[in-house]
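Participant: Protein chains in written order, with my numbering: chain A, 128 to 350; chain B, -15 to 323.
Result set (DSSO-like, lysine-lysine): computed pairs, CA atoms no more than 30 Å apart in a straight line:
1) 263/A to 77/B
2) 77/B to 91/B
3) 131/B to 263/A
4) 349/A to 91/B
5) 91/B to 263/A
Quick list of simulated restraints, FRET-style, between CB atoms:
6) 73/B to 218/A: 52 to 60 Å
7) 334/A to 67/B: 52 to 60 Å
8) 176/B to 180/A: 36 to 44 Å
9) 180/B to 251/A: 21 to 29 Å
10) 263/A to 59/B: 20 to 28 Å
11) 220/A to 73/B: 52 to 60 Å
12) 181/A to 238/B: 35 to 43 Å
13) 187/A to 0/B: 35 to 43 Å
14) 289/B to 251/A: 28 to 36 Å
In short, the hints are calculated from the structure, not lab data.
We put the CB at the ideal spot given by N, CA and C, even for glycine.
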Amino acid sequence: MISPDFFANIDPAEIARASGETLGMVGASLLLSLALGLPLGVWLSVTSRQGLSPNPLLYGLLSFAVNVLRSIPFVILFILLIPVTLALVGTSLGVKGAIPPLVLGAAPFLARLVENALREVDRSVIEATQALGASKRQIILHTLLPEALPGLIAAATVTAIALVSYTAMAGVVGAGGLGDLAVRYGYQRFQTDVMVVTVVLIIALVQGLQMLGDVLVARVSKK
Amino acid sequence: MVSDVHNSVSVIGLRGVTRRFVSKSGVQAALDGVDLDIARGEVFGIIGPSGSGKSTLIRLLNRLETPSEGRVEVNGVDLSGLDARALSALRHKMGMIFQSFGLLSSKTALHNVAYALELAGTGTPATRRQRALDLLDRVGLSAHAQKYPAQLSGGQKQRVAIARALANAPDILLCDEATSALDPEATQGILTLLAELNRELGLTIVLVTHEMEVVRQVCDRVAVLDHGRLAEVGTVEQVLFAPVSAAGRALSKHILPPPPDGVGEGAVTLTYFGEVVYSDALSAAVQGLQARFSVLSGQVSHLKSGPYGHMIVDMAGPDRAEALARLRARGVSVTEAVQ
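This is chain A alone, in the form it adopts within the complex (with noise of 0.2 Å):
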């Protein structure tokens, strides 16, 4: 049995404070990430070989560039960045400083999702669109990204979790928030009860984003 003593080191208010903390950065960056992600995810369905304006160099360009950033550890990338952060935002510390990392670690990764999430939608329907006299503008708008729908819910369910794991990253690094808590008490005070009291909120973070993803994809899945 677990005494009551255990959670002796709780400080309920520092908990809401931290899981505030996390909350605002994933939801921000999240936001920030999708307004990035999707325009580059379409970028980079329209210019790939199967696209509507198929060209190689640019796709190759846009794919090298996410790659890069998708390959750079995010703890690695939050250091590297902190230069542009301070330029950015004039801190690289806290909420506001970890949100400009937690973006361009997240931006390209949602971005292949959706160009993978193009990517499924049917052929024919694509082309029966064109043959229907759709412009290229009406086929992305129209046609791809609303038979897309189900699957860029997706991408940005996973997108949202990644960026949970790595606000907790970015928490080592000074962003505050869970992982901060986890890592400064739990961690380094050996505080076990404050480590799995956080460890349990990420995870019913997590939880929490996947069945709401979920339930969202099922609603808008008309296959």
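On the provided structure of chain A, position chain B as indicated by the hints.
Facilitator: Chain B only, in chain A's frame:
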């Protein structure tokens, strides 16, 4: 009756069209120097085995594909000269349906049809909805307007696709293997619908298929493609019963019964267009003559232009020639060979 392209207006013309594709095994010509004219109001079939270039050909007609050489003309306009806007306008007036339907899974049947109007920028949401409902009613699907494609059968999906293709009142309907994914019953339904649309709206229909049966039922004329070349073009009767190319013979074989075993020297092939009672014609032909006949095989096909009989008869006796002459005099075509 059979439409003769020389007496009518050519709506679609291919002039020396070649389409090459670069593949791993090198450059291959999917189409090689094809010349073709399709007349207004006809149902024109393009038939050939898979890989013969027929899908490439139909996709050239609304520029989903572009020729490597030669010209494609629709209503006398060379498609290669069209800018994006003009191409959109052309496609609004040229419906197309596909083997795999191409319906948006995220939209209901109604919205799939209304979408075609939306893309063309016609009407208001309310008028588009009404027109879409009318079109679904025309193809017999008004009860299913609110269903998503996943809730419909193959035949129903193709009906939605036809309604969508007709949304902008096209003059031409392109059908790329439109019945190939359907069961026989649904195929009949779609072919009947296409025949009605051709008759009622004067719609020119270009139909790609690998099944001679489809050509037999709905087409006026047919082009046979073989390895990217035009093997022959003719009326359905010509290509079915007197094919001149090897590819044409191979295709019509699927429709005609195989010649019976043990056909003797005196066997003849009789073909007759229109209503005829063969037993009467044959009895009359040998009446009072020293000739006798036995029917080895016989079949009446129903073409778009009417019934068409084909039989193999063994004719013997001293007056054989006179009996055959009498048959010819009745309008029966007699060939001294088994076809």
